[in-house]
Amino acid sequence: MQIAQAGGWPGETIRPTQRRQGWTGQGLKRERRLGYVFVAPMLLFLFGIIFFPLAHAFWTSLYREAGVNIRFVGPGNYARLLDDPTFWNSLRVSVVFTAVCVALHLIVGMPAALFLDQLRRGRTALRLLFLTPWMVTPVIGATAWVWLLEPHFGVVNYLFRSLGLIAAYKIWLGEPGLALGSIITVDVWRGFPFVMLILLAGLQTVPREEYEAASIDGAGALQRFLYITLPHLRYLLVVATTLDVINTVRTFDIVAVMTRGGPINATEVLPVLIFNTAFQANRFGPAAAVGVVLLLLLLVFSTLYILLLQPERTWARVR
Amino acid sequence: MKDRKTIPLDTARLRLSRRAVLRGMVGTAATGLALIGAPVRIARAAPITLQYQTANLTEAQYAPVWKEMFAKFEAQNPNIKIEPILVARKDHWTKFVTAAKANQAPDVVAVDIATAAYNGYLRPLDDLWQAEPASYRQVWSQDVIRAAMWKGKLYGLPSWGGIYGEIYNKEIVRRAGLDTNKPPATWKDYLEWAKKLTKEGQQWALAILAGKTDTTTRMLLMWIWSNGGEAFDPDITQATFASNPKALEAIEFYLNLDLTHRVGAPGAVNINYLEQTTLFAQEKIATMRNAYWGVAKVVGDNPAIKDKIAVAFSPMNTDKKVTLATMAADSISKDCRHVEAAWKFIKFVNEREWAIKRITVSNWMPMRNDIAGDPEASKDPLLAQFLEYGRYARAYPLPNPLWADIAANDIVATVQSVLLKRASVKDAFAKLDADLNRKFKEL
Chain A
21 MQIAQAGGWP GETIRPTQRR QGWTGQGLKR ERRLGYVFVA PMLLFLFGII FFPLAHAFWT
81 SLYREAGVNI RFVGPGNYAR LLDDPTFWNS LRVSVVFTAV CVALHLIVGM PAALFLDQLR
141 RGRTALRLLF LTPWMVTPVI GATAWVWLLE PHFGVVNYLF RSLGLIAAYK IWLGEPGLAL
201 GSIITVDVWR GFPFVMLILL AGLQTVPREE YEAASIDGAG ALQRFLYITL PHLRYLLVVA
261 TTLDVINTVR TFDIVAVMTR GGPINATEVL PVLIFNTAFQ ANRFGPAAAV GVVLLLLLLV
321 FSTLYILLLQ PERTWARVR
Chain B
2 MKDRKTIPLD TARLRLSRRA VLRGMVGTAA TGLALIGAPV RIARAAPITL QYQTANLTEA
62 QYAPVWKEMF AKFEAQNPNI KIEPILVARK DHWTKFVTAA KANQAPDVVA VDIATAAYNG
122 YLRPLDDLWQ AEPASYRQVW SQDVIRAAMW KGKLYGLPSW GGIYGEIYNK EIVRRAGLDT
182 NKPPATWKDY LEWAKKLTKE GQQWALAILA GKTDTTTRML LMWIWSNGGE AFDPDITQAT
242 FASNPKALEA IEFYLNLDLT HRVGAPGAVN INYLEQTTLF AQEKIATMRN AYWGVAKVVG
302 DNPAIKDKIA VAFSPMNTDK KVTLATMAAD SISKDCRHVE AAWKFIKFVN EREWAIKRIT
362 VSNWMPMRND IAGDPEASKD PLLAQFLEYG RYARAYPLPN PLWADIAAND IVATVQSVLL
422 KRASVKDAFA KLDADLNRKF KEL
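If you're matching them up, the sequences are chains A and B in order. Last residue of the first sequence? That's 339 in our numbering, and every number before it is there in order. Last residue of the second sequence? That's 444 in our numbering, and every number before it is there in order.
Bear in mind the hints are in silico, worked out from the structure with no lab data behind them. Just to be clear, a hint being listed does not mean it is correct.
To be clear about the criterion: a stretch of chain B counts as covered by chain A if any three or more of its residues have a C-beta under 8 Å from a C-beta of chain A, and this derived list gives those stretches [stated by the list, open to error]:
id, segment
1, 117 to 130
2, 242 to 248
3, 404 to 412
A virtual CB, placed ideally from N, CA and C, is assigned to each residue, including glycine.
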């Protein structure tokens with residue numbers, strides 16, 4: 021049996037036995053050692069910026085501070101979280117915020133992608149236009165929204181009232197329900213282009229012949245979407261959703277700028293709770309414990325994402 | 002075409018090339034280390050750089066003063082450079098804590114002394130202070146110095162502050178048919194004025210501050226004190242918002258200005274110093290309780306308002322006059338490696354010349370006790386009034402290591418829950434008392 025040599029010259033072949041000998045020889049041991057030397061700087065770098073901070077965060081979560089006095093409490097900070105209504109409130113807010121935002125990213129991103137895919141002229145310009153919110157730094161975008169939503173002289177109140185949509189000016193960031201709705205709106209404005217971009221890439225790979233054949237068979241637009249487009253996008257939809265969940269659940273900047281978690285903690289998502297606990301309350305141990313819990317939540321979705329990236333082994337089963 | 006796989010490996014050449022690569026790596030590393038080391042050596046010979054962080058360096062009204070002050074200090078001390086850490090007021094504490102946790106705190110800072118000292122972020126100044134002659138130390142009153150102490154140790158040199166008063170827009174007052182020369186002195190009069198100064202949907206008497214910063218707490222404390230109430234016991238170990246009847250009565254009166262009488266601008270839970278002064282500058286509110294610096298802020302926002310401003314003592318519901326005075330003190334952080342230079346700088350920025358400039362240009366009130374009679378400082382009648390109010394002022398922040406947290410979070414959340422009608426005043430503040438007392442106990 022002959023196996024094609026990847027990266028070799030055209031027609032070049034190699035026997036498996038030859039390859040196996042090469043991989044176990046003395047020369048290879050040296051190669052491997054040298055390989056470790058070459059990757060060592062990057063491993064050290066990754067250790068410094070990922071593994072060490074993670075380990076340090078976990079270590080911090082086992083301590084409780086009272087001024088300069090620091091004492092080891094083991095899992096005490098985690099146990100306290102279970103009894104802390106603030107933590108449960110933040111977890112609930114995070115779940116609602118993430119679920120609604122991700123759903124809306126898809127609901128807005130899908131039609132936007134379909135629209136761009138249909139366009140024959142001006143597609144590039146419109147694509148850039150749609151991507152603009154995603155390109156704007158979140159803090160700057162959120163600051164602009166704070167002024168747009170300002171209750172006394174903000175543009176949103178003025179427009180809505182002029183159009184007869186509201187009877188009196190609304191305190192968009194001052195009422196718990198409206199505040200959560202406002203930050204969700206801003207996150208959707210900022211986040212839908214990401215989903216749109218992934219889906220647009222997928223749409224451009226759908227064979228046009230399938231649409232033509234379906235049209236000839238009398239399929240309408242909805243049927244073409246349901247039976248051709250969606251099946252082709254199924255894998256990308258799951259990947260986009262998983263990535264979007266990972267992105268959204270760690271949202272900090274928009275909330276920090278717009279509400280700081282208020283009013284009465286109605287918008288205090290977990291990352292904002294970590295910030296408030298660590299830097300305002302000076303309780304770094306409990307803050308690190310919340311951080312570890314958030315990391316575990318993210319790991320669940322990250323694992324799912326990694327599994328999804330192995331289509332031969334996993335995705336085939338899903339299908 | 003030659004088959005690449007059949008080319009015999011020239012192992013000797015390969016080894017040589019590996020050696021060459023390794024040599025190259027070692028050489029590069031050595032060069033890198035040399036390059037990294039070079040600036041260190043240069044830095045050792047370079048002038049001392051002191052980082053300076055306060056809450057107000059980014060504020061326009063202070064910029065001309067500190068820029069001139071730093072330039073003059075550097076001219077007098079060519080071996081010391083001052084590096085201002087520019088950070089917005091609302092992020093000032095966070096930035097400081099982050100740096101302090103990384104053992105990189107700026108050398109000289111003005112922060113909440115009790116919280117920072119309790120957490121070990123500051124260096125005690127007693128040795129430096131005691132080494133100064135008595136004539137120098139007498140420039141600060143004992144009360145002022147005590148306010149910069151924690152557990153008997155001095156952690157800052159009181160520099161500037163703000164004494165609170167009631168600031169009115171004379172034109173709106175006149176339009177409402179009220180006498181600008183007879184501002185309300187009692188709560189009852191104030192409520193009458195407030196109703197007349199409010200035109201629903203267009204203009205309001207005041208802004209209730211309930212945004213997520215400690216200015217919300219400042220207002221609440223002033224109202225409580227103006228009724229002879231207390232929010233805490235003298236040692237700040239027990240919260241008494243609900244258990245002190247006078248405190249509870251004051252809180253109800255203050256929050257009912259919004260809930261019942263509707264004389265406060267809508268959106269109180271989003272309003273802090275910035276929003277309050279903006280509303281006043283835009284003539285959306287007729288009065289604002291603020292310090293002298295608030296006048297500079299609104300005039301900066303709307304110069305046309307300058308001649309419309311009048312100041313009065315805040316209305317009281319008790320015979321004993323009281324207001325609030327914030328205090329900022331310059332401290333040396335635990336991470337400062339040039340303590341002598343830092344102390345020299347602190348003394349310089351607190352010289353009489355700069356205290357007067359801070360008053361006349363930036364509207365920050367002095368903490369030195371030798372300014373009151375200064376002809377330059379007493380030119381401005383508004384300033385003279387604020388200085389007079391200083392006689393009745395109680396120091397803020399309160400000396401408790403949890404203050405930065407409870408003033409900006411717990412108390413604010415409680416005020417918000419009442420304004421958003423999630424709880425009654427009594428229930429909300431009883432819960433606050435219980436929560437704070439539990440936190441105090443854990444200290």
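Status of each hint after checking the structure:
no.	hint	result
1	117 to 130	holds (count 3)
2	242 to 248	violated (count 0)
3	404 to 412	holds (count 4)
The structure does not agree with numbered hint 2 stated previously, though it agrees with all others.
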